[in-house]
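Enquirer: Below are the chains, spelled out letter by letter.
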Amino acid sequence: MKPNRILLVLAFFFMAMGIKAQTEEKKGVFTEEDLSSGNYKDVFRSFFQLAFNQLTSEKKEFAFTTNPYAIMVKLDENKLKTEEYLKYTWLRRFNISFAGKLNEANRFNGFSSGIKYSIINQRDETVSRLFLQQALNASAERTSLNQALSAYIQSFSGDGASQANTEVNSIMNGDAKFKDLSPALQSKLKELAGSGNFNNLKKLIDKSNDFNLKQVAIDDYNAIKTNFQKRWLVTLGVSDTTYTDKFRFSTVVLSAEILKGISNPGKKVDVELSINGGYNFVNDTLKAGRDLDRRALQVESGFNFIFNDGAVSWAELKVSGEYNRVFKGLYTDERKDLLTINGTLRLRLFRDLWLPIEIKYDPKKGRVFGFLDVRFNFTALSRK
Amino acid sequence: MAKAKKGKPAPRKKAAPTKKANKSAITMVNFNDTISSIPARLTAVSVAANVGVTFFGGVGTATVALFRSGLLINMQTLTASGSVSFSDVAQFDRITVDGVGTGAGPNATVINISVPTSPATPTNFPAGEFHIGYIVI
Chain A
16 MKPNRILLVL
26 AFFFMAMGIK
36 AQTEEKKGVF
46 TEEDLSSGNY
56 KDVFRSFFQL
66 AFNQLTSEKK
76 EFAFTTNPYA
86 IMVKLDENKL
96 KTEEYLKYTW
106 LRRFNISFAG
116 KLNEANRFNG
126 FSSGIKYSII
136 NQRDETVSRL
146 FLQQALNASA
156 ERTSLNQALS
166 AYIQSFSGDG
176 ASQANTEVNS
186 IMNGDAKFKD
196 LSPALQSKLK
206 ELAGSGNFNN
216 LKKLIDKSND
226 FNLKQVAIDD
236 YNAIKTNFQK
246 RWLVTLGVSD
256 TTYTDKFRFS
266 TVVLSAEILK
276 GISNPGKKVD
286 VELSINGGYN
296 FVNDTLKAGR
306 DLDRRALQVE
316 SGFNFIFNDG
326 AVSWAELKVS
336 GEYNRVFKGL
346 YTDERKDLLT
356 INGTLRLRLF
366 RDLWLPIEIK
376 YDPKKGRVFG
386 FLDVRFNFTA
396 LSRK
Chain B
51 MAKAKKGKPA
61 PRKKAAPTKK
71 ANKSAITMVN
81 FNDTISSIPA
91 RLTAVSVAAN
101 VGVTFFGGVG
111 TATVALFRSG
121 LLINMQTLTA
131 SGSVSFSDVA
141 QFDRITVDGV
151 GTGAGPNATV
161 INISVPTSPA
171 TPTNFPAGEF
181 HIGYIVI
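Quick mapping for you: the protein sequence lines, in order, are chains A and B.
Following the numbering used here, the numbering of the first sequence begins with 16 at its first residue and continues without gaps.
Following the numbering used here, the numbering of the second sequence begins with 51 at its first residue and continues without gaps.
These are computed hints drawn from the structure, not numbers from a lab.
A virtual CB, placed ideally from N, CA and C, is assigned to each residue, including glycine.
Heads up, some of the hints might be wrong.
A few chain A residues that face chain B, going by a derived Cβ cut-off under 8 angstroms, partial list only [unchecked claim]:
#1 N161
#2 Q162
#3 A166
#4 S177
#5 V231
#6 I233
#7 Y294
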């Protein structure tokens with residue numbers, strides 16, 4: 016089997032594994048997979064991503080990105096225990112990627128690999144004490160309510176206490192709505208709501224008797240989490256491409272990327288500032304032999320507009336300006352400076368499957384060129 | 051002394067409970083035959099209990115409180131995976147566990163109590179806040 020076909024089969028195998036791992040679930044706490052923008056996932060991956068890049072161009076590529084910790088978890092889920100999880104925070108800041116390149120005839124055209132490190136990642140709420148404190152503050156009234164209901168529960172004797180406790184757990188855990196509760200518990204909750212210590216509960220009861228206390232808790236948690244996804248992310252990386260016939264670098268790129276959400280939470284359209292840049296060392300084909308003498312800078316800056324349905328984005332439009340400058344090894348008829356206006360439309364086909372369509376416009380020559388990619392993100396964890 | 055004489059027949063009277071004891075022993079055997087189908091219950095005496103809270107895939111915090119007859123007896127907070135010890139837990143006490151686990155997957159928070167409770171433990175929660183009460187049985 017030809018190398019590109021082997022890679023294609025592997026790609027579909029990984030994709031099938033990811034799809035199988037997905038199960039239908041009721042509306043619950045959104046995960047990082049739900050809340051992160053597609054642009055964010057392209058900048059930094061916390062688990063796995065499979066990408067088919069530039070499908071319509073002459074230089075196709077399919078890439079696999081992960082981080083070392085994700086692989087460790089796949090092998091041993093005990094690494095998810097808090098102590099282990101915190102111990103490997105530095106390892107989760109790494110992204111490693113491998114890609115196979117194909118030429119216009121769909122033949123193998125070299126490998127590329129890369130490593131990236133997030134020097135600032137304020138978006139990882141799983142290690143953030145600030146996030147934890149915000150979530151605790153939001154849950155404080157429900158904690159007090161659960162504790163205050165102990166007196167009600169223990170006013171029953173024998174098995175009556177267990178039954179009352181089961182009913183209290185059912186409202187706290189969302190198995191029952193307020194209207195489904197016994198008159199005695201409803202009466203007690205109304206009494207507590209009127210005491211002045213449970214203002215949020217009072218608002219809920221005054222509004223409707225059809226509320227689900229757990230869903231309120233989930234909404235509060237998701238709101239804090241969504242807001243957290245707007246914080247800073249800064250990465251530095253280096254990537255390379257090898258020749259087809261020999262393991263030697265034909266390109267080395269030093270890169271940096273910055274992401275920061277800039278819109279207020281709760282908007283239908285979120286806005287994210289996105290800046291990336293790279294300094295390229297490329298083989299100068301005008302010279303004999305193989306070298307890295309051609310030097311070029313590429314900087315792109317723009318805004319990513321994220322269209323939300325609730326807290327989850329379904330489409331994104333990134334509008335940016337890109338500046339390219341060749342410092343060394345300029346080819347004949349090549350411009351030293353090139354400015355393009357870029358637009359990238361990302362459509363979320365399924366929960367984990369993104370379809371980015373990239374359009375570049377060169378205002379000087381009035382030329383338009385585009386790329387079609389497919390990005391599939393998947394985690395190491397079951398969502399049962 | 052007179053009282054002592056009068057008290058002599060008493061041991062004979064005490065023999066009666068011996069017969070009753072046999073009857074109650076039979077009752078106990080029957081009770082033990084059926085008890086296997088219901089959860090074990092704590093004896094009337096107080097015992098020590100450990101409440102373990104484990105967080106997976108992220109940080110978390112939990113407040114564990116012990117209530118007896120509606121009154122707060124003891125309350126402790128865990129800021130990482132660990133356990134809280136209560137030296138004096140009796141039947142029908144209520145243990146509440148409230149907090150937040152930030153991890154991923156269905157077992158972001160797992161609660162385990164060392165004495166029989168209703169509901170039984172371990173109990174697991176996905177990421178987010180959790181609020182639950184256990185009655186010691």
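Enquirer: All hints are to be evaluated individually against the structure, with a verdict given for each.
Expert: The hints, checked one at a time:
1. Hint on A/N161 holds. Least Cβ distance to chain B is approximately 4 angstroms, under the 8 angstroms limit.
2. Of the supplied interface hints, the one on A/Q162 holds, with its beta-carbon coming within about 5 angstroms of a beta-carbon of chain B, less than 8 angstroms.
3. Residue-level restraint check for A/A166 holds (minimum Cβ-Cβ distance to chain B is 3 angstroms; threshold 8 angstroms).
4. Using the Cβ-Cβ criterion of 8 angstroms, the hint placing A/S177 at the interface with chain B is satisfied: the shortest such distance is roughly 4 angstroms.
5. The interface hint given for A/V231 is broken, as the beta carbon of that residue sits about 10 angstroms from the closest beta carbon of chain B, more than 8 angstroms.
6. The interface hint given for A/I233 is met, as the beta carbon of that residue sits about 6 angstroms from the closest beta carbon of chain B, less than 8 angstroms.
7. Among the interface hints, the one on A/Y294 is violated; its C-beta lies about 36 angstroms from the nearest C-beta in chain B, farther than the 8 angstroms criterion.
The earlier numbered hints that this structure contradicts are 5 and 7.
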